[in-house]
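Visitor: Here's the letter readout for the chains.
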Amino acid sequence: MLDVRDVRVRFGDRDVLRDVSLRVDDHEVVALLGPSGIGKSTLLRVVAGLLVPDAGSVWLDGTDLTDVPPHRRRIGLMFQDEQLFPHLDVAANIGFGPRMAGADRASITRRVETLLALVGLEGFGGRRVTTLSGGEAKRVALARALAPEPAVLLLDEPLTGLDRELHDRLAVDLATVLRDTGTAALLVTHDHDEAAVIAHRTEVFTGGTV
Amino acid sequence: MDQHRDRLTRLPLWTVPALAAVPLLGLAVFYAWPLGTLLARVLQPSSVRDVLDAPGLGRVLWFTVWQAVVSTALTLLLGFAPAYLLARYTFPGRRTVLAVVTVPFMLPTVVVGAAFVALLPDRWHQSATAVIVAHVFFNVAVVVRLVGAMWAVLPTDLTAAARTLGASPAQVLRHVVLPLLRPALLAAAGVVFLFTFTSFGVVKLLGGARHTTLEVEIARRATQLGDVDGAAVLSVLQLLVLGAVVWWSARWQRRAAVAFHGGRTTRRARTQRERRRLAVVLGLTVIAMAAPVLAMVARSFHPGASWSLTAWRTLGNSEVRPGISLGVDPLASLLVSLRYALVVTAISVVVGGTAALAITAARRHGRLLDTGLMLPLGTSAVTIGLGMLITFDHDPVDWRASWWLVPLGHALVAIPFVVRSLVPVLRSVPPDQRAAAVMLGASPLRAWFEVEVRRLARPVAAAAGFAAAISLGEFGATTFLTRAGRESMPIAIDQLLARTGDVPRAQAFALATLLFALTAMVIVAADRPEVTDARRA
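If you read the sequences in order, they're chains A and B.
Mapping the first sequence onto my numbering, position 25 (from 1) lands on 25, and the numbers just tick up by one.
Mapping the second sequence onto my numbering, position 11 (from 1) lands on 11, and the numbers just tick up by one.
What the hints contain is simulated information worked out from the structure, not anything from laboratory work.
Treat the hints loosely; a few may be bogus.
[Unchecked claim] Interface residues of chain A toward chain B, partial, derived using beta-carbon atoms under 7 Å:
{"#": "1", "residue": "49"}
{"#": "2", "residue": "55"}
{"#": "3", "residue": "69"}
{"#": "4", "residue": "204"}
All values derive from a computational prediction rather than experimental measurement.
Glycine included, each C-beta is placed from N, C-alpha and C at the ideal position.
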C-alpha cells in the first residue's frame, strides 16, 4: 500500500503541493484528475523520489521511503513523453530494468518476450525505438515500466499526444494490462473518460488534500 | 531548482573531480606550464626591445596582416555564390559537390601547400599570390558551412516580400539578405581571419623567404636561427593579437545576432536559367577545388619531362643514387604518421571524452572547465610546439628525445575539437532520460553511465576520426618537436619540397597524394555516423 502523507513542495514563494495526502491500496488503480499545471506531475516525482519534498513523507507497505533513492523504491514511472532510450532497441529498453536488477541474459530475454506479448508487440524486439509510431512507443514504455515488477506504477499523462481513436483503444489495453498483472497504479490525467476507463477510483486533484 | 530537491538522484560527489583530474593535469603540465615558461622568457625587458627593434619585423607584421585581410575578403567574396546555391537548391550530386568544397578545409596544410606548388607555374612560387590563392581554397568551406547554414533557414518569403515592395534583386541583396546574414558573415570572416593570420604550413611552403608571417617567423627564429627568446616574444605578441581578434568578433556577433523562425527552404531548380546558373557556378567551383589536388597527383607521375613511376617506385628507398641518401625516408614517415595518429586518437578520445563528461556532469562549474580546455584552441600550434620545446629540455623533464612528445603536442591541438563535438551531444540528452533509468532500478551513477556515457559511442567514433585527421596533418607543433629519423609525413613532404631536383619533388607530390588519400578516407569514414545521426534527429 502506497501512503502519501502531508507532502508540501514550494517553488520560490508558490506552494505547488500543499499538504497533499493520498493512498493507493494493493492492486488498486487510482486516477488523479485535474487541469494541467496544478502540480500533478510534481506529486508523481515526489512519490518516485526524483524530487525531495519540503515536508511530508511517502510510505510503501509500512516503510518510510523519504530517504530511499528512487532506484531502491520498487516504484515505476511511465513518463508522459516515454523517455525511451534512443541508443537501445526495443528489447534492450524493456530489458533495462531486469538488467539493472542483475538478472541473467536468458531470464531477461524471457521477460522481454512475455512483456512484448502482453502489450501486443510480438516481434518488435529488434526494432529501433526511433522508428516506432506514437502508439507503439507508448506500449514499449508501458512494457519497460512493468518489467522490473514495481510495487506501484506511476503513470504521468500516459496517453496524451495520441489521436482520439488510438487513445481510446490504448486506454482499454492499459486498463486490461494493469488488471491482469495486478499492478497498483497512480495515474494522473486531465481526461475524465480516460480516468473512468483505467482507474478503480478517481480523485479530483486541486494541489491540496486529495 | 533548489539544491536539496534532487538529493536522492545526484551523482556521487567524487564523480566530477575524478573525471576532471586527468584532463586538468594534462592541461596544467603540457599546456599551462609551457605557456608559462614562454611568458617568463618574454618578461626580460631587454629581449623584448631587441626583438621589436629588429629590422624586418615590421615587414613580417605587415605581410601577416594584409595577406590575412585580403585572403578573408576574397574567401567571403568567392564563397558567397556556392554558399547560396548549396543552401537554396537540391539537385543530384549535391552531397558530392558539398564534399568537394568542404573537404579541403580538413586537409593537412602541407598537402594544400604541395598541391599549389604542383598547380601554379614556377614564377608564381614564393609569392604572396600563391599564399592568398591557397588560403582561399582552404577556407571557402568555412563560408559555405557558416553562411550556407544561415541562408538555408532564411525565409524565402522575406525576399519575396521585399520584391513586392518594389525592390530589385540587387536591392533585396543589399537591404534584406546581407543584413540578415551579417552574423554568419562576421563569424565566417572571424574564423577565416584567424586561420589565415596564424597560417603556417601554407605560408612556409608557398611564401618562400620573402613572404613570412609571424607564425613562420617564430619557427624560423627558434629552429633555424636558435633565437628562442625572439621567437618567444613574437609568439606572445601573436597571442595578444589573437585574443583581441577573438574578443572583437565575439562582441560583434552578439550585437548582430538575429533569430529566424522557419525550416529549411531548399528546392529544385525550376527554370532553365536557374539550372544553367547552378551548373556554371558549381561546375567552376568544383573544378577550382579539384584542380590543385589533381595537379599534385598528376605531377607525382610526371617527374621532369615525361610520365613515369619513378617517384612512386623510389618512395620506399631513401637513396637517390647509390651511396647518396636523401636523409628522409618517405615511406618510413608513413608508418611514423600512422603510429602518431593512433596514439593521438587514443589520448584525445580518452582525455577529451572524460573532459566532456566532466564538463556536462559539473553543470555550474562546467563552464570554467570548458573554457580552460578550449584555451589550446586559441593558441597557435607553433606556440604550443615552441612552449613544449623550451620547457621539456632539461632535467628532470628532458623529454625532447621521447617519441611521445610529438603525439602529445598533436593531442593538445586535437582535444579541444573532441570536447567541442561531444559536449553538445551530452547537453542534448534530456534530464528525464537519466530519471527514466533511475526509475528502472539504476543507481544515479549507473544511470549516468547507461544513458550518457554509452550514448557517446557513435559521436566518439566521429571525434576519433577527426583527431586522427588532425594528427596526420599537424605541421606547426611538429616542426618544433620532431627529431631526425622520426619524420612524420608532413615533415617529410616539407623536406622533400625543399630539395632541388625533379625526383624529390615528384616524391613529395606522391607522398602528399598518399597523405591526402589517407586523410580523406579518415574524414569520410568519420563523417558518416554523424550524418546519419543528424538525419535521424
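Visitor: Which constraints among the numbered hints does this structure fail? Numbers only, ascending.
Guide: 2 and 4
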